[in-house]
Each structure stands twice: as structure tokens, then as C-alpha cells.
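Visitor: Build the full structure now, drawing on both the sequences and the hints.
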Amino acid sequence: MDPRHAPEWMRAHAHLESGFFLVETVIAIMIFAIIAAGLSDLLITSTNTTSRVKQQTVAEQGVMNQIEKIRALDYNAVGTVNGCVPGTLSSSAAFTGINGENLGVAAHMHTTVAYASAGVPGSAQTGADYKQIDVWITRDSDNHTLAQATTDLAPKNLPSQSTATIKATVSDYGAAGTPMSGVQVNLATGPSAPASCTTDSSGSVTFPGLTPNPTTGSQAYYDLSLTPPAGYQVLSDDASGKSPVHVQLSPTQFWTTSLSVFKPATIVVDLLNTDGTQYTGSATVTVTSNDARTSGISKSFNYSGSPLTVSNVVPADSPYLVPGQYSLQVTQFGYQTVSDTGTVPVGYPTTLSSTFNETMTPAAANGELDVTVKNTKYTCNNASVTLKDPNNVSKGTLVTSSGKAAFTGLVPGAGYSVTVTDGTKSGSASPITVNPGPTPTTPAPITISGSSTC
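Counting in my numbering, the sequence shown runs from 1 upward without gaps.
Think of the hints as simulated: they come from the structure by calculation, not from any bench.
Values in this document were obtained by computation on a predicted structure and should not be read as measured data.
Do not take every clue at face value.
[Claimed, not checked] Distance condition first, Cα-Cα at most 25 Å in a straight line; then the derived DMTMM-like pairs of lysine to aspartate or glutamate:
#, residue 1, residue 2
1, K69, D140
2, K167, D223
3, K69, D152
4, K388, E368
5, K167, D134
6, K131, D152
7, K69, D200
8, K388, D370
[Said to hold, decoys possible] Cβ pair distances, simulated, as ranges:
#, residue 1, residue 2, range
9, P229, A94, 37 to 43 Å
10, S394, S298, 29 to 35 Å
11, T257, S295, 19 to 25 Å
12, S430, D270, 47 to 53 Å
13, P229, S318, 20 to 26 Å
14, I297, S430, 44 to 50 Å
15, T331, Q278, 14 to 20 Å
16, Y130, N102, 21 to 27 Å
17, S394, D340, 29 to 35 Å
From the three backbone atoms N, C-alpha and C, an ideal C-beta is built for every residue, glycine too.
Guide: Next up, the structure:
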């Protein structure tokens, strides 16, 4: 039958069956896509896992092979080129694989060699009883360690029992003694000098097998120096005030010392009025170190109406300010004394400056000064008395009555001066300290002899 001439219900039924077929097809495609995606993820995960396992296996074989090669070397050759323990090994070299097995990614093999002490109780401490060798392989893309191994290698002969050893530790003084790795320490002037070594992850270097110093002459001492990292300075001395870099070694001596570096800091002092506006007057700012090495050492600066920057307090550290605890005192006649203490700087070593915002509060003007003027016998009733404050600013002139001149509304403090004139004669008194009220301050009478007006 021609579909065009079929009944309406037959044509509708045919369309419905066609629609169901399309829905089933779409659902089947979606299910297939979901399954395919899962299989794809599984395949990728499986491939990545296989790759990681292969990398680790090949790296482990490479590390162990390197360890065996090193142990087969002559003891004196076991060390790194230009390393603290000199030798023929490369400290870092590209690693691609071993025994025909390719690693599959870019990587490097690293080798370090360090002297170590056996630490046997009662034995001489040489610091070089054996060599400790570390070998590890890292992936270049993310610096991930694929394999690592450590071994110890002893010499054929016993280490000398008459040599000496220096072990130095370098730390960041401003960061509570955090060890500093990668810092070059240099040894000079002694009989086994020159030598140099770079600090390890613990911030330490060891110079073993050193010939003891003679008691006199140019080689009587070993001297240490270091090249600080960029942005750092070398601390002048240690907490005891002794030099940590100058030593005379005796046979079998194992000398340990600490060297410190720091990033210089600054203190900014900003003085404000009570309403928060900038204080534009003058003042004396005294900064005191509370550091264990230099506690109590202080330096004063003149504040002249704008923020003051302090970059040094302790002469030995000049021209740098060592991070730590500092006390601040601001004094100015007519204002209350300001005292503050703080860590400089907060946020070291990222932040290297601390600002002290201090408020200048006017002092209470409740002092009174009563000046008595007389000649050898009588009080002077017509003497002219001029008072100046500690800043040499005149506080006014009064004429004595009953031999006295009373100045009120004064800021208590030391350093006032008085000048008296009466006819052709004069007198003065300084310094005078005005006490807080309500009781007037009455210094000794000022005597002017020979006055005809008294």
C-alpha cells in the first residue's frame, strides 16, 4: 500500500516507531561515549603509572650503579671536582638511562661527598675518619627525586691522630639562627690554607686534617671568612664578643664556631600630634639595642619635623642595622617623654623596615618658679628678672616686688636659666629645675652686690 494512501492512524504509528528508534540510537551513543571515556582515562592512568614505575626503576639502578663505581675508586679520588672534599666525581651530570634502558625523561644525577667523624668515645676527633657519599637522581621538569642512596667509605689507613679540625656553622642572625646553605666559607693564613667549602643543608662546613699552627709567625693562626649571599652582610662578632673567625689550633683539636649573616634593616620614626597630624617640631630620638651582643648601646638622633630613618646604632655594625629588639625614647621640652620597644623588622627577611608612629603629647604646665633677688643685706624690690626655658626661649620678664618674682604656668623640667639686672649690676643662675605644682620651686636667692637701688 502506498503510504500516502494509508489511514491516518497507520502513518502516526510509523512516525512513533521512527521516533523510538532515534531515541534508542541516541541513548546507545551516550552509553558508548561514557564507556569510551572511562576506558580512555584508565588507559592514560595505566600509561602514566607504567611510566613512573619505569622511571623509578631505571633511576634506582642508575644510583646503585654509581655507588658501586665510586666504591671501586681509589679513596683519594672519591670527591667532587672543586668540592669541599676534592676528587674526580662530577657533582651533577645528565642521566638518560642505564644498560640500554632509557629513562624516558630529562633528569640529572647528583653526587656529594663529605668527611665524617666516627665519634668513638675517647678517640681523637679528626672529623675525617671516613667519607659519606650521597647519590640521587632528580627529574628536570619538577625536580622530583626519583631515587637516592647513601654509602660510607673508609680509608685504607687510619686518619692522622695529630691533625686538627675546624667545623663552622653559618646562620641567618635575623631569622633566629636559621641555617644558611650554599654559603662559601674560606680558610686562610694557617699552614693548611688556603681552602674553601660551601655550607650544606645544615649550614655547616668542615675543614679536617689541618696542620696545627706554630706558636709564632705568619701562620700562627687560621682565619675564616665567608662570602655572604646577595643582600646579606656578615655580623661583626658573636654574642660573647669574641672573634668567631680567628683561632690557633693545637694537635687533635676539634674547633667549632658559628658565623652569622643578616639582611640590614631600618627604623623609621614618625612623630605625630595628638590629633594625628604631622608633628613638625624638633625632638631628640634615642635608639637603644636590646641585642644579646650589644645590649644597652644607644645612639641619639635629631628629629627635625619629618620622619627620621635610622640605619645604624652599634658602631661595630656600621653602617648597617642588625635585625633584633630595639628600644626607642623621644624627648623634647614641653612634651611628655615617649618610650617604646619593638622587634625590627616584623616580617624579616621579606620586610626590612619597621616604623614607630609615636604621639607627642604636651606636658602639663603646672610648675611655678619663685625667684628671690637681694644684695648683700637687703631684698631688691625693683630688679628685672628674665626667665628662659631649656630651649633658650624667653618665658617673660618680671620686676621684683618685695624682693621676689613669681613665674607660673611653667612646664616642669631641668634646664631653666634666670638673668637679673638692677641698675648697673646683674646676676644669673642656671640650670634650674622646675618641679611639678602645686608647691612653687624656690631656688637659692640670686645675690647682686653693690646695687644702689635695693
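Visitor: Evaluate each hint against the coordinates.
Guide: Going through the hints against the structure:
1. With a CA separation close to 24 Å, the supplied pair K69 and D140 stays within the 25 Å bound.
2. For a cut-off of 25 Å, the pair hint linking K167 to D223 stands: about 13 Å separates their Cα positions.
3. For the hint pairing K69 with D152, the CA-to-CA distance comes to about 13 Å; that is within 25 Å, so the pair holds.
4. In summary, the hint linking K388 to E368 is supported, as the alpha carbons are separated by about 13 Å, within the 25 Å threshold.
5. At most 25 Å may separate the alpha-carbon atoms for a hinted pair to count; K167 and D134 meet this at roughly 20 Å.
6. The suggested pairing of K131 with D152 holds, with an alpha-carbon distance near 6 Å, which does not exceed 25 Å.
7. This hinted pair checks out: K69 and D200 have alpha carbons roughly 24 Å apart, not beyond 25 Å.
8. Between K388 and D370 the CA atoms are separated by roughly 14 Å; this keeps the pair inside 25 Å, and the hint holds.
9. Between P229 and A94 the Cβ separation comes to about 27 Å, which falls outside the hinted range of 37 to 43 Å.
10. A beta carbon spacing of about 32 Å between S394 and S298 agrees with the range 29 to 35 Å that was offered as a hint.
11. A C-beta distance of roughly 22 Å is found between T257 and S295, which places it inside the suggested range of 19 to 25 Å.
12. Taken as a hint, the range 47 to 53 Å is violated for the pair S430 and D270, whose Cβ atoms sit roughly 34 Å apart.
13. The hinted window of 20 to 26 Å between P229 and S318 holds, with their beta carbons roughly 21 Å apart.
14. Look at I297 against S430: about 31 Å separates their beta carbons, and that is not inside 44 to 50 Å.
15. For T331 paired with Q278, a C-beta distance near 19 Å keeps the hint of 14 to 20 Å intact.
16. For Y130 and N102, the Cβ-Cβ distance of about 35 Å falls outside the hinted range of 21 to 27 Å, so the restraint is violated.
17. Checked against the hint of 29 to 35 Å, the C-beta distance between S394 and D340 comes to roughly 33 Å, which is consistent with it.
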